[in-house]
Amino acid sequence: MARRAHLMAGFRRAFLAELRQIGARPGLMFMLAPFPLLLFALLAAVFQLGLPRDLPIAVVDQDHSTLSRQMVRIVDATPEVAVAHEASSLSEGRQLLLSGEAYAVVLIPARTERDVLAGRRPEVVLFYNNQYMTPGSLVARSVGGALGTVAAGISIEARVARGADVESASQAVTPVPVRQSALFNPSLEYVQFLLAAVMPTVLQIFIGASAALSFSRDRQGVAGLGRSLRLGGTLMRTAAGKLAPYTLTYLLVLWGADALLFGPMGVRFGGNLAFHVAYGFVFVLASQMLGAAAALVARDTVSALAAVGVITGPAFGFTGITFPRLSMNGFSTVWADLLPVTHYLELRTDNILRGAPFEISLPAFASLTALALIYGGATLLLLWLHGRRRPAIAVEAGT
Amino acid sequence: MIAAFFHEIAIAIMAIWTDKGARSTMLGATLFFSVFFPQPYLSEVVRDMPVAIIDQDGSTLSRELIRRIDAADAVAVARYAPDMPSARALFLKREVYGIVVVPPKFEHDLLAGRAAPIAAFSDGGYFLLNSVMSSALSNATRSLGAEVQVGRLTASGVDMAQAMAVVEPLRVTTVALFNPTGGYASFVLPAVFVLILQQTLLMGIGNLKAGRRSAGGLSTLADAIVYVGLYSLWAGVVLVVLPWVYRLPRIGDVAVMYAVVVPFLCAVTAMGLAVARLIPTKEGVIFFLVVLGMPLFFLSGVSWPSEAMPKLLHAVAFIIPSTTAVPALVRVNQMGADVRSVETAILIQLGLCLAYSILAMVVGRPKGKPAA
Numbered sequence: 001m002a003r004r005a006h007l008m009a010g011f012r013r014a015f016l017a018e019l020r021q022i023g024a025r026p027g028l029m030f031m032l033a034p035f036p037l038l039l040f041a042l043l044a045a046v047f048q049l050g051l052p053r054d055l056p057i058a059v060v061d062q063d064h065s066t067l068s069r070q071m072v073r074i075v076d077a078t079p080e081v082a083v084a085h086e087a088s089s090l091s092e093g094r095q096l097l098l099s100g101e102a103y104a105v106v107l108i109p110a111r112t113e114r115d116v117l118a119g120r121r122p123e124v125v126l127f128y129n130n131q132y133m134t135p136g137s138l139v140a141r142s143v144g145g146a147l148g149t150v151a152a153g154i155s156i157e158a159r160v161a162r163g164a165d166v167e168s169a170s171q172a173v174t175p176v177p178v179r180q181s182a183l184f185n186p187s188l189e190y191v192q193f194l195l196a197a198v199m200p201t202v203l204q205i206f207i208g209a210s211a212a213l214s215f216s217r218d219r220q221g222v223a224g225l226g227r228s229l230r231l232g233g234t235l236m237r238t239a240a241g242k243l244a245p246y247t248l249t250y251l252l253v254l255w256g257a258d259a260l261l262f263g264p265m266g267v268r269f270g271g272n273l274a275f276h277v278a279y280g281f282v283f284v285l286a287s288q289m290l291g292a293a294a295a296l297v298a299r300d301t302v303s304a305l306a307a308v309g310v311i312t313g314p315a316f317g318f319t320g321i322t323f324p325r326l327s328m329n330g331f332s333t334v335w336a337d338l339l340p341v342t343h344y345l346e347l348r349t350d351n352i353l354r355g356a357p358f359e360i361s362l363p364a365f366a367s368l369t370a371l372a373l374i375y376g377g378a379t380l381l382l383l384w385l386h387g388r389r390r391p392a393i394a395v396e397a398g399t
Numbered sequence: 001m002i003a004a005f006f007h008e009i010a011i012a013i014m015a016i017w018t019d020k021g022a023r024s025t026m027l028g029a030t031l032f033f034s035v036f037f038p039q040p041y042l043s044e045v046v047r048d049m050p051v052a053i054i055d056q057d058g059s060t061l062s063r064e065l066i067r068r069i070d071a072a073d074a075v076a077v078a079r080y081a082p083d084m085p086s087a088r089a090l091f092l093k094r095e096v097y098g099i100v101v102v103p104p105k106f107e108h109d110l111l112a113g114r115a116a117p118i119a120a121f122s123d124g125g126y127f128l129l130n131s132v133m134s135s136a137l138s139n140a141t142r143s144l145g146a147e148v149q150v151g152r153l154t155a156s157g158v159d160m161a162q163a164m165a166v167v168e169p170l171r172v173t174t175v176a177l178f179n180p181t182g183g184y185a186s187f188v189l190p191a192v193f194v195l196i197l198q199q200t201l202l203m204g205i206g207n208l209k210a211g212r213r214s215a216g217g218l219s220t221l222a223d224a225i226v227y228v229g230l231y232s233l234w235a236g237v238v239l240v241v242l243p244w245v246y247r248l249p250r251i252g253d254v255a256v257m258y259a260v261v262v263p264f265l266c267a268v269t270a271m272g273l274a275v276a277r278l279i280p281t282k283e284g285v286i287f288f289l290v291v292l293g294m295p296l297f298f299l300s301g302v303s304w305p306s307e308a309m310p311k312l313l314h315a316v317a318f319i320i321p322s323t324t325a326v327p328a329l330v331r332v333n334q335m336g337a338d339v340r341s342v343e344t345a346i347l348i349q350l351g352l353c354l355a356y357s358i359l360a361m362v363v364g365r366p367k368g369k370p371a372a
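Quick mapping for you: the protein sequence lines, in order, are chains A and B.
Going by our numbering, the letters in the first sequence line up with residues 1 to 399, in that order.
Going by our numbering, the letters in the second sequence line up with residues 1 to 372, in that order.
EDC-like cross-link-like pairs, simulated, lysine to aspartate or glutamate; straight-line CA separation at most 16 Å: (1) B:K105 - B:D55; (2) B:K105 - B:E64; (3) B:K20 - A:D300; (4) B:K311 - A:D54; (5) B:K93 - A:E359.
Computed footprint of chain B on chain A; a stretch qualifies when at least three of its residues, placed anywhere within it, have a C-beta under 8 Å from a C-beta of chain B: (6) 33 to 42; (7) 111 to 123; (8) 149 to 156; (9) 165 to 172; (10) 298 to 306; (11) 320 to 333.
Keep in mind that the hints were calculated from the coordinates and are not lab data.
Every residue, glycine too, gets a C-beta built ideally from N, C-alpha and C.
All chains, please: the whole structure from these sequences, using the hints.
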């Protein structure tokens, strides 16, 4: 019992010393909670309006017929796009694409209506800017759909003229309709999904960087790591005591952002709350250990931060949220597996979005835990090495 | 005077080389990030995304439809599942990323001229996989449906040309411009490369200048010229050579590119000097910039259209050079825009350069804190 109290005292001393350090640095305090929450607000604002509406496009109508005007009207009526420009030529349309004023140009050539009536199957061309892939493909899909509706209408008329009844004529237009539905996330709330994935990725940077700062600051300080080690008593307690203030704060930030997401922003939570809390905790620990290990390898604070930046900064691309993991090269697959956030996001998706049973999530949870243990082990090992080396250096300095 | 100026230039160059932090950000990190960042995207497109099929019809036409789905580059029929629960289990294990159900009587209905719907399930969370799936399915169903229809019409005595005109009276051709294959690397990297230039330049300046007092006007000017000069070279590497190495489409005029790049780098340099005065420690500057990278990418409007952002946010984002420079450079390099199409962006960069220079001078003057 007494031994246990002693253990706790070591942890508490390291914990309190770290709190005092934080208290003495307003910059560090700012980066603990206000800054990540501010960034979350910024990102939420970026995606606040949901899927884009009324994306501007241009129309080159060289036909000026009833049919061409009908096409323009139907295209304009789709919620995603708005016909913002009537260009007189294709080169004018191209200029609108280049200056970013339009995402697509619809070309309706002269004699389109006449050729339709004569059964010559004229061609309407949709040029869209696929360099801006998100809006470009959205525009292409909705404009293509609208023009398809016009073509379907003509096709139905032609069949009715041949003696078919309207019912079978309209069925014949799309003989194999695809009823596509989402197995999970049925409302296709892609935007919320993206936001929910970006936030932990940004937090991973914060968590790793704060741990790196905490450890490398000690190494740089006058007393060095030795003082921290003496405060804590043992390696384990020192590391735990130093990191605990950050663990608590970032857990609160992580859950605070979740509370906003599932509360006011109305995202559906379909998973197991206890499990969500558990892997959130392991995620924070693993990210901290990653930062701490980086700090102990690096030579000074700036390189420690740079190392954390290099590892966690580009992480989003590797998580497979935007470009899927199944299409990545070998290096990216391995690298992604070394990042805590990859597993955390997979667990989130499985639990919250898919409501998957626990055994499905077991491999990802095991990977996340393994990362925490590996980085944690590396941190302890490095701390031990530094603790041993220090007296030697002191002797050298003395002689 | 001129000799003094060249002396300052030499000092500025030496400062980058001798400061370890500056050397590793302005020389090392720029190259490192440009090689590291593209890795996840290098395969450009999704190929052979595994899907599961539940074929409840088992007919010639259902097999033909499945063959056509499998023929799409992006999708591969990986598994046949007997029912929905087992297909769902495959989906949860991430062995398949989509499920297609061909209902019974598919062939029967199709040949009788009735609509023969199929059902498809995908994961609404993944935008790209979702759209890959729907385009593969719509191509397969449309081509099969049209063939069956034309077959029915010609069998009833209509000639081929007329049958085609009934089935498809108006052809809608869709042409993807600038990134014809829809490659993800081609889409993301040109924007990311510009951001890498901005962020590493800011970090480098932070390393050199954070918490230090200004060494006078001439020296600061020499520093700025050296930074802009160095990064103009980097711009050539990152925006011209690397796209060539990665085979990204690039059709722009290099002269037009520099007409945007130089004002952009001036604005970034001025911003860097101002930020270095505002945030007193190196660590603070670097941390601030690392964290800001991703939000800035989303704000540039390349991956997420600026039309879909709140107006106020978009207006505030203009104070960051990349917000306007990223789209301008993408338009020049990847879309072949001329100077006229990006003149607004150039003017904004020059305005920002001026504003940040003034800010840096104002902040730099009165306090003059001792170096940390």
